[in-house]
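Colleague: In the order they appear, the protein sequences are chains A and B. With our numbering, the residue at position 233 of the first sequence is 233, and numbering never jumps. Converting from the second sequence to our numbering requires adding 1000 to each position, the first position being numbered 1.
Keep in mind that the hints were calculated from the coordinates and are not lab data. Possibly wrong hints are sitting among the right ones.
[Said to hold, decoys possible] Below, simulated DSS-like cross-link-like pairs (lysine-lysine); rule was C-alpha separation at most 25 angstroms, straight line:
{"hint": "1", "chain 1": "B", "residue 1": "Lys1203", "chain 2": "B", "residue 2": "Lys1232"}
{"hint": "2", "chain 1": "B", "residue 1": "Lys1078", "chain 2": "A", "residue 2": "Lys472"}
{"hint": "3", "chain 1": "B", "residue 1": "Lys1076", "chain 2": "B", "residue 2": "Lys1203"}
{"hint": "4", "chain 1": "A", "residue 1": "Lys472", "chain 2": "B", "residue 2": "Lys1076"}
{"hint": "5", "chain 1": "A", "residue 1": "Lys67", "chain 2": "A", "residue 2": "Lys677"}
{"hint": "6", "chain 1": "A", "residue 1": "Lys543", "chain 2": "A", "residue 2": "Lys649"}
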Amino acid sequence: MLVDLAGGWNPMWGRLAWSQIPYDNPILAPLFVAVVVGAILVLGLITYYGKWTYLWKEWLTTVDHKKLGVMYILIGLVMLFRGFIDGLMIRTQQAWAVGAHSSGVFGATHGYLTPFHFGQIYSAHGVIMILLAATPLLVGFMNIIVPIQIGARDMAYPYLNALGLWFTAAAGALIMISLFVGDFAHNGWFGYAPIFELQYSPGVGVDYWIWTMELVALGTTLGGINILATIIKMRAPGMTWGRLPIFVWATLSANVIALTSFPALQVALALIAADRYLGAHFFTAGLGGNLMLYTNLFWIWGHPEVYFVILPAFGMMSEIFPTFSEKPLFGYITMVLASMAIAGVSWLVWLHHFFTMGAGPYVNSAFSVATMLVGIPTGVKVFNWAFTMYRGRLTFNTAMLWAIGALFLLLIGGLTGMMLAVPAINYMVHNSVFVVAHFHTMLLVIVYAIFASVIYWFPKVFGFKLDEFWAKTMFWLFSAGTVLVFVPMYMLGFMGMTRRLDYVFNTVWHPYLLVMEFGIAVYMLSVLAFVALLYVSIRDHAKNQVGADAWGTSRSLEWLTHSPVPFYNFAVLPHISARDEVAWRRDNGIDHVQPDHYEDIHMPNNTGVAIILGGLTFVLGFALVWRIWWLCALSLLAIVALVIYRSFKGDPGYIITAAEVEKMEKEALRREAQISK
Amino acid sequence: MQVKWRNSLKNGWRYAALAPILLLDGCAGNPYWIFDPKGLMADTSLFYLLVDVGIMGTIVGLTALLVVWFMWRYQKGKNRGKYDPVWSHSNTIEVVVWGIPIIAVGVLSYFAVVGTFEINPYNPTVISKQRKPASDPVEVDVIATDWQWLFVYPQYHMAVANELVLPAHTPVFFRLTSTAVTTTFFIPQLVGMIDVMPGMRTKNALESSNIGEYQGIASDYAGAGTSWMTFKTNILSSADFGQWVQRVRQSPTSMTYTSFNNYADPYINVHHKVAYFSSVQDGLFDHVIDEVMNGKTWPIPPMMTENMVAYMQKQNAQHRD
């Protein structure tokens, strides 16, 4: 060992020991039992209905960008729920542990969470919400929509696409298992230096955090390469840059950020690993280390990451406003320029995450002004959405409601963001719950855009619309929760309440914390409404079937092909003649014209390599966390061998003959004809 | 002139800020610490906050109204506004939608830069410009440990743990460092946040305009004891401050390099224990920075607060007072 480890280590099990399993924890132990029972039930049901072959052939080994996208979104939703539960636990603790006279249970002096557990929960909440909920949800939508919007049959690298998904799944599995084996980091989602060093975090929590983040970063980088290559090289004939749907532009700008910034995170995390595993001193306080170097490195990724998640959300809103305003997006070129401007400026603002570091006034001034510059293109976007509605014909279906909600949240987030950008104000509210309220407002813009997109694109992917009543119920409950949780949080920020308090010393804050707790309960109701929404929609799916253009007023290319989209996307690749191709075809009365003949289609084969590599990286991550060196070596060797094997094997793909395509198309058209009757 | 404008702006806002409180609890004092500054630094922050909210709030508010109006006017089937299915561009509107944010950002940038210099923690002009030659500044060396605050008064060769006492109407200059991990020094009604980092020295300054007791907070997560790492800041008149210094000097305990080493061990200050040290070995602040830079750490035991009740029993049994 190059470092001194507190606790035991042996060659066979590494740091793993029975004492690391929290079987005596009153919250985790019952949860573990529930998870095991649930897993047995699910696996049993799959076996009972004989669905293993179906699952393996159609989903686990698929390289179809739509199915991978759906799985990304499923992972995102599951993790969103887990992150929400973390949030609920944080709120409950803060509503309970107020003042010296508040009671305590489960070993806590106040509330029900000890500092040890509270630190882990808020750290997991952050990591999960940003990297394993928002990111997979958005990547999922990019995966499903972008290839169809540009008229491609699949991604440029279908196998790489699957690999990205399974790395993300492995990361999710790793953070979930940290609940039951060992502990998670307490250093916040971004990691405080030097608290993540071995002296101040002797457990395995930080190691879980490092390898989870590394795996997500790897998956997202691969995804970024793939999406960029797809947009640049796979566009249908006639799909010039000036005709790209706006969501594709948003995705492009976001992935330029991803590709260029994620490596910085990977390096920063690798250096922490060097400190913790090899006894290096990159970010230690002493012996030549520089802890602020880490903070800089992290936010050089961290801030672009913020725009990596917000830009696709803006793109989604830019698709939804025109559809339900029944007119083209106002200022297309401006929107493209604004997206690119945000992407560009995203590199120049990282220091505003730590104005309080004590940098000189010149440095802080420069980053303050750079930060405010972001407000210009963002403001332009808001105005452009407003003027898209101007002279329109607005339908307030639930997708539109979510999009409008996102717009209003962006106004509030923008206002508070411009406050935080001023160092003189920032000194007062940095590290207070005001900042927490601000970035939750911004992340809720993303969540609202995602739920808008779920409603909007669901019929494209599954062929039927979601139930409008339950969708609206969920929207209003969710929005009520948002107001109840975050308005008091802004107020508490002005009262000087700081972040991450396991115990709240000021009883004056108590009523506000109780209102927030009530808000969380309302959020919980919206989660139930979402479940009801899915149940009712699937139950009544026969009633809500749709044709190619699900909304009747859609504009971009994805609405040209059938709903659900056939696995080859388009029977014949379309020739693009206008910016809003489907709207253009509808206006010219050629939206229902079918091709006169079909041709053979070349498609990629499924592969099991991606999921096996995902499984092996999970094993590698787990072995690294517990320092089981033989297992590290073994899994790494297997990964390298498998990558080499796959690269020699290649994939010649397969051909769907024109006759088969014709048969499938006829079937789809017959179905569409039935629906329109 | 400018000062007058500033004050009327702030007073108006204070009454507005009080309104929701009166509805909710009506207890004494303004719980909105950020709107109730008691010193030059916090006062300046509030001024810029009001300017920023004034400018941005106007734009955001008007935009929100515009959106609501569009939503009302162009709702399908109501036939309130004219529908134009192809309209998607206007040079005039483009100029306006780029122009408004550019002008707003330009104006706010000016205020942001000026404000940054005014309360630059290393040399706040808002203090240095108003400084009267008679008032000698007080110097305080702040050393954050896991999880206590030690305030060393080098001019008086004494130190106080977990309580900060300062004279009113006097500039106070801080030097700050930490032993183990990073945290942030924050007194909401007096001065904004500054990071406190091990092996490094930061600075801050304040000048209080009122006598009173104000809450100090460790506002950045530093581990298990962060929530209890608070301190009271007592602002006294010069005469009272002199008496208080005499009281501290009568304390039987003193702080040396060696005793500091034990003092800096992990300690969760649940009972807000305050300690006076009548003398402090010279150069303690620089000594701590040197030690940390040479690799000294104060490690945390594994799973230290997994059971907080049990940990507190253990800590109490140590009798470290």
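Colleague: All the hints need checking, so say for each whether the structure fits it.
Modeller: Hints versus structure:
For the suggested pair Lys1203(B) and Lys1232(B), the alpha carbons sit about 20 angstroms apart, so the restraint of at most 25 angstroms is met. Note on Lys1078(B) and Lys472(A): the hinted pairing holds, with a Cα-Cα distance of about 21 angstroms set against a maximum of 25 angstroms. For the hint pairing Lys1076(B) with Lys1203(B), the CA-to-CA distance comes to about 60 angstroms; that exceeds 25 angstroms, so the pair is violated. Between Lys472(A) and Lys1076(B) the alpha-carbon distance is near 18 angstroms, which keeps this suggested pair within the 25 angstroms criterion.
A distance of roughly 29 angstroms separates the Cα atoms of Lys67(A) and Lys677(A); the hinted pair therefore is violated under the 25 angstroms criterion. Taking the CA atoms of Lys543(A) and Lys649(A), the gap is near 46 angstroms; set against the 25 angstroms cutoff, the hint is violated.
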